[in-house]
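Engineer: Residues per chain are reported as follows:
2 protein chains.
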Amino acid sequence: MSLVTKPTIMFPEHQINQEEMIDVLKDLFPYHPKWSTVERMIKNTQVESRNLLSPIKQVTTHPGFEYRNNLYKDEGLRMASEATQKVLSENKMKPEDIDLLIVVSCTGFLMPSLTSYLISDLNFRSNTKQLPIVQLGCVAGAWALNRAHEYTKAYPDHNVLLVSVEFSSLLFQPQDDKISSLISNCLFGDAVSACVIKGTPEEGDEGYLIEGIDSYLKKDSDHYIKYDVKSTGFHFGLDKDVMHSIKDVAPIMKDFIQKDFNANVNDLDFHIFHTGGRKILDELVSNLDLIEENVSKSRESLRIHGNIASGVVLDVLNDEFIANNRKNGDKGIMAAFGPGFTAEINRGTWIKN
Amino acid sequence: MSLVTKPTIMFPEHQINQEEMIDVLKDLFPYHPKWSTVERMIKNTQVESRNLLSPIKQVTTHPGFEYRNNLYKDEGLRMASEATQKVLSENKMKPEDIDLLIVVSCTGFLMPSLTSYLISDLNFRSNTKQLPIVQLGCVAGAWALNRAHEYTKAYPDHNVLLVSVEFSSLLFQPQDDKISSLISNCLFGDAVSACVIKGTPEEGDEGYLIEGIDSYLKKDSDHYIKYDVKSTGFHFGLDKDVMHSIKDVAPIMKDFIQKDFNANVNDLDFHIFHTGGRKILDELVSNLDLIEENVSKSRESLRIHGNIASGVVLDVLNDEFIANNRKNGDKGIMAAFGPGFTAEINRGTWIKN
Numbered sequence: 001m002s003l004v005t006k007p008t009i010m011f012p013e014h015q016i017n018q019e020e021m022i023d024v025l026k027d028l029f030p031y032h033p034k035w036s037t038v039e040r041m042i043k044n045t046q047v048e049s050r051n052l053l054s055p056i057k058q059v060t061t062h063p064g065f066e067y068r069n070n071l072y073k074d075e076g077l078r079m080a081s082e083a084t085q086k087v088l089s090e091n092k093m094k095p096e097d098i099d100l101l102i103v104v105s106c107t108g109f110l111m112p113s114l115t116s117y118l119i120s121d122l123n124f125r126s127n128t129k130q131l132p133i134v135q136l137g138c139v140a141g142a143w144a145l146n147r148a149h150e151y152t153k154a155y156p157d158h159n160v161l162l163v164s165v166e167f168s169s170l171l172f173q174p175q176d177d178k179i180s181s182l183i184s185n186c187l188f189g190d191a192v193s194a195c196v197i198k199g200t201p202e203e204g205d206e207g208y209l210i211e212g213i214d215s216y217l218k219k220d221s222d223h224y225i226k227y228d229v230k231s232t233g234f235h236f237g238l239d240k241d242v243m244h245s246i247k248d249v250a251p252i253m254k255d256f257i258q259k260d261f262n263a264n265v266n267d268l269d270f271h272i273f274h275t276g277g278r279k280i281l282d283e284l285v286s287n288l289d290l291i292e293e294n295v296s297k298s299r300e301s302l303r304i305h306g307n308i309a310s311g312v313v314l315d316v317l318n319d320e321f322i323a324n325n326r327k328n329g330d331k332g333i334m335a336a337f338g339p340g341f342t343a344e345i346n347r348g349t350w351i352k353n
Numbered sequence: 001m002s003l004v005t006k007p008t009i010m011f012p013e014h015q016i017n018q019e020e021m022i023d024v025l026k027d028l029f030p031y032h033p034k035w036s037t038v039e040r041m042i043k044n045t046q047v048e049s050r051n052l053l054s055p056i057k058q059v060t061t062h063p064g065f066e067y068r069n070n071l072y073k074d075e076g077l078r079m080a081s082e083a084t085q086k087v088l089s090e091n092k093m094k095p096e097d098i099d100l101l102i103v104v105s106c107t108g109f110l111m112p113s114l115t116s117y118l119i120s121d122l123n124f125r126s127n128t129k130q131l132p133i134v135q136l137g138c139v140a141g142a143w144a145l146n147r148a149h150e151y152t153k154a155y156p157d158h159n160v161l162l163v164s165v166e167f168s169s170l171l172f173q174p175q176d177d178k179i180s181s182l183i184s185n186c187l188f189g190d191a192v193s194a195c196v197i198k199g200t201p202e203e204g205d206e207g208y209l210i211e212g213i214d215s216y217l218k219k220d221s222d223h224y225i226k227y228d229v230k231s232t233g234f235h236f237g238l239d240k241d242v243m244h245s246i247k248d249v250a251p252i253m254k255d256f257i258q259k260d261f262n263a264n265v266n267d268l269d270f271h272i273f274h275t276g277g278r279k280i281l282d283e284l285v286s287n288l289d290l291i292e293e294n295v296s297k298s299r300e301s302l303r304i305h306g307n308i309a310s311g312v313v314l315d316v317l318n319d320e321f322i323a324n325n326r327k328n329g330d331k332g333i334m335a336a337f338g339p340g341f342t343a344e345i346n347r348g349t350w351i352k353n
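These protein sequence lines map, in sequence, to chains G and S. For the first sequence, counting from 1, position 137 maps to 137 in UniProt numbering; every step adds exactly one. For the second sequence, counting from 1, position 254 maps to 254 in UniProt numbering; every step adds exactly one.
Don't take every hint at face value.
[As the list claims (entries may be wrong)] Listed next, the in silico DSS-like pairs over lysine-lysine satisfying Cα-Cα at most 27 Å (straight line):
no.: 1; chain 1: G; residue 1: 178; chain 2: S; residue 2: 73
no.: 2; chain 1: G; residue 1: 73; chain 2: S; residue 2: 219
no.: 3; chain 1: S; residue 1: 178; chain 2: S; residue 2: 230
no.: 4; chain 1: S; residue 1: 230; chain 2: G; residue 2: 57
no.: 5; chain 1: S; residue 1: 73; chain 2: G; residue 2: 219
no.: 6; chain 1: S; residue 1: 73; chain 2: G; residue 2: 230
no.: 7; chain 1: S; residue 1: 240; chain 2: G; residue 2: 73
no.: 8; chain 1: S; residue 1: 57; chain 2: S; residue 2: 43
no.: 9; chain 1: S; residue 1: 94; chain 2: S; residue 2: 6
no.: 10; chain 1: G; residue 1: 279; chain 2: G; residue 2: 219
no.: 11; chain 1: S; residue 1: 327; chain 2: S; residue 2: 352
no.: 12; chain 1: S; residue 1: 34; chain 2: G; residue 2: 219
no.: 13; chain 1: G; residue 1: 219; chain 2: S; residue 2: 92
no.: 14; chain 1: G; residue 1: 86; chain 2: G; residue 2: 57
no.: 15; chain 1: S; residue 1: 230; chain 2: G; residue 2: 240
no.: 16; chain 1: G; residue 1: 352; chain 2: G; residue 2: 94
no.: 17; chain 1: S; residue 1: 259; chain 2: G; residue 2: 153
no.: 18; chain 1: S; residue 1: 259; chain 2: S; residue 2: 34
no.: 19; chain 1: S; residue 1: 230; chain 2: G; residue 2: 230
no.: 20; chain 1: S; residue 1: 73; chain 2: S; residue 2: 57
no.: 21; chain 1: S; residue 1: 279; chain 2: G; residue 2: 153
no.: 22; chain 1: G; residue 1: 178; chain 2: S; residue 2: 230
no.: 23; chain 1: S; residue 1: 331; chain 2: S; residue 2: 34
no.: 24; chain 1: G; residue 1: 6; chain 2: G; residue 2: 26
no.: 25; chain 1: S; residue 1: 327; chain 2: G; residue 2: 73
no.: 26; chain 1: G; residue 1: 26; chain 2: G; residue 2: 43
no.: 27; chain 1: S; residue 1: 57; chain 2: G; residue 2: 230
no.: 28; chain 1: S; residue 1: 219; chain 2: S; residue 2: 6
no.: 29; chain 1: S; residue 1: 86; chain 2: G; residue 2: 73
no.: 30; chain 1: G; residue 1: 94; chain 2: S; residue 2: 219
no.: 31; chain 1: G; residue 1: 92; chain 2: S; residue 2: 219
no.: 32; chain 1: S; residue 1: 219; chain 2: G; residue 2: 86
no.: 33; chain 1: S; residue 1: 94; chain 2: G; residue 2: 219
no.: 34; chain 1: G; residue 1: 73; chain 2: S; residue 2: 230
no.: 35; chain 1: G; residue 1: 43; chain 2: G; residue 2: 247
no.: 36; chain 1: G; residue 1: 230; chain 2: S; residue 2: 178
no.: 37; chain 1: S; residue 1: 153; chain 2: S; residue 2: 92
no.: 38; chain 1: G; residue 1: 259; chain 2: S; residue 2: 327
no.: 39; chain 1: S; residue 1: 6; chain 2: S; residue 2: 352
Please keep in mind that the hints were generated in silico from the structure rather than gathered at the bench.
The whole structure should be built from the sequences, with the hints applied where relevant.
Structural biologist: Now the structure itself:
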């Protein structure tokens, strides 16, 4: 068993709404031959605002990969430290209570990794195990919860801390005017989030008790979501084929729920879906015959924050805590998608004593 | 329990001996003000030859980060596929017998990761779990065995495949004439290795049964071993402070052996140490009061291959299989070190039925 307790989500201070962003791109690419298509598609993302690590002027001016990666390190460590301290304090825990520290983040690269810096700076135990993940993109949040579930199956008295650090704005490439890239520039938001996963729930704990997990990789789909790695950093690429992925993963999700819950997806009480984008959510609705209400929290996260990559599932989970409508024993599912194409899925029960 | 079976180690075809390498560097930096010191220190590494992914002319000519990372992907995937097929075949296993695929590699960056490509290309099951690690450097091999141990504790009937892909020659920076960098250019070798870790040993299996694990991070030591990430790729940096690390980790290793085996390190039958370099091995000998014989396999790996990063522990372990001197019930230890500064340690018993 593994109890995911209330996450902490932190957003950097610089906010931009989609109208402002459209103006920024129009200024950057004044002669784009397909501008009306681009503008229509940006409006179709249903993203209204996003938080960014830096003012938009700095985001769109590429100061070099080295500068960006140093900024990633400084601000990533600062915000990850703050999120760690906040979530531990909210759980009435100290760094020494954590046995495994997972940091997931696909928008910068460090060696030593953020896990090492956090263990050293915040005085975690010197034997804290570390699991730093950088190559799993948006699926990494749910992936980490699944790995934490496996870990606490082996060590039921251990606790895991998961931190997600995503600054997609550091991947803005001002010379890339591909339509899909311009849309992506308006889709992803920056955020740092954290949560504690307990191997054994304690009296009074509330949270999402993961009881089953599944993983999926679609063959020959590496071009769906990918980075090109260049001297200018990571260049995000999204192929429209990615829309074919949900029809393949939906039956797996259906079987997963059917087998373990003997239920239909709409019979479940809560649904935590990664917000790859509006169309991915539409595909989920269509392929799982979901009622709209069951994607509403994911759509709301997308609307006000954009796609915050591996942090989305923590944000949507956090909304379940904030809404405070969950009853002890409620059943639910979480699913996230990322490069590969891969999916990570889990199911479980809401605990509220 | 987790049984590490015989590894496969593959070396790329281009070989260079240290005398040739000294000539190459002398040509590249003909006016180096400290050349005699550099040459003396290179000879002191006790590395005699290394295998490199490319001919030395291509290694020393930086063709750009993008070119190098593409080469990393193409050749990494090619050699990782070959090593995977070989080690599975030697274990009389098929890709579908693997439940968790771990790829450790700190010399390139891919998204999707090598785990995804291997699962897709070699027809692993679509629900194979993936664990791609890129930020743990030389410690990643032993780290992965420790994580495989935890995983099989939760899933005793599962099997794990570990693949290590290390092409340190892709990090050669021809404009970096720091003494420590010139030494590093003569220290690291390229290799791809793989091994299977079984949750439950079968009749007739031989291997290293891991029975206990430990992790260690030394506070405020992030500068010991690190990458600077620039438009020209990863710049490896080694601080001489790293020599202080072994005196801190040695007591932990002693306690770990004493507590579980009630033994002294020299009482153990086999010793698998990461070969950070000659001085790191000297420090181990000195701080653990090791008899020379117990570091001989690590020194030999360093001499003929250089430091092959996360693959070293698999190479030294492989030498135990090849030497064929292990008896059923022999006791041993493995320890590796990497950026952080971190150490991963495990202990166990040789199984030979």
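Engineer: Compare the structure with each hint and give your call.
Structural biologist: Verification of the hints:
no.	hint	in the structure
1	G/178 x S/73	holds, 24 Å
2	G/73 x S/219	holds, 18 Å
3	S/178 x S/230	holds, 17 Å
4	S/230 x G/57	holds, 22 Å
5	S/73 x G/219	holds, 18 Å
6	S/73 x G/230	holds, 13 Å
7	S/240 x G/73	holds, 23 Å
8	S/57 x S/43	holds, 21 Å
9	S/94 x S/6	holds, 16 Å
10	G/279 x G/219	holds, 21 Å
11	S/327 x S/352	holds, 7 Å
12	S/34 x G/219	violated, 53 Å
13	G/219 x S/92	holds, 24 Å
14	G/86 x G/57	violated, 30 Å
15	S/230 x G/240	violated, 31 Å
16	G/352 x G/94	holds, 23 Å
17	S/259 x G/153	holds, 25 Å
18	S/259 x S/34	violated, 47 Å
19	S/230 x G/230	holds, 10 Å
20	S/73 x S/57	holds, 20 Å
21	S/279 x G/153	violated, 40 Å
22	G/178 x S/230	holds, 25 Å
23	S/331 x S/34	violated, 46 Å
24	G/6 x G/26	violated, 40 Å
25	S/327 x G/73	violated, 48 Å
26	G/26 x G/43	holds, 14 Å
27	S/57 x G/230	holds, 22 Å
28	S/219 x S/6	violated, 35 Å
29	S/86 x G/73	violated, 39 Å
30	G/94 x S/219	holds, 17 Å
31	G/92 x S/219	holds, 24 Å
32	S/219 x G/86	holds, 22 Å
33	S/94 x G/219	holds, 17 Å
34	G/73 x S/230	holds, 13 Å
35	G/43 x G/247	holds, 25 Å
36	G/230 x S/178	holds, 25 Å
37	S/153 x S/92	holds, 23 Å
38	G/259 x S/327	violated, 46 Å
39	S/6 x S/352	holds, 12 Å
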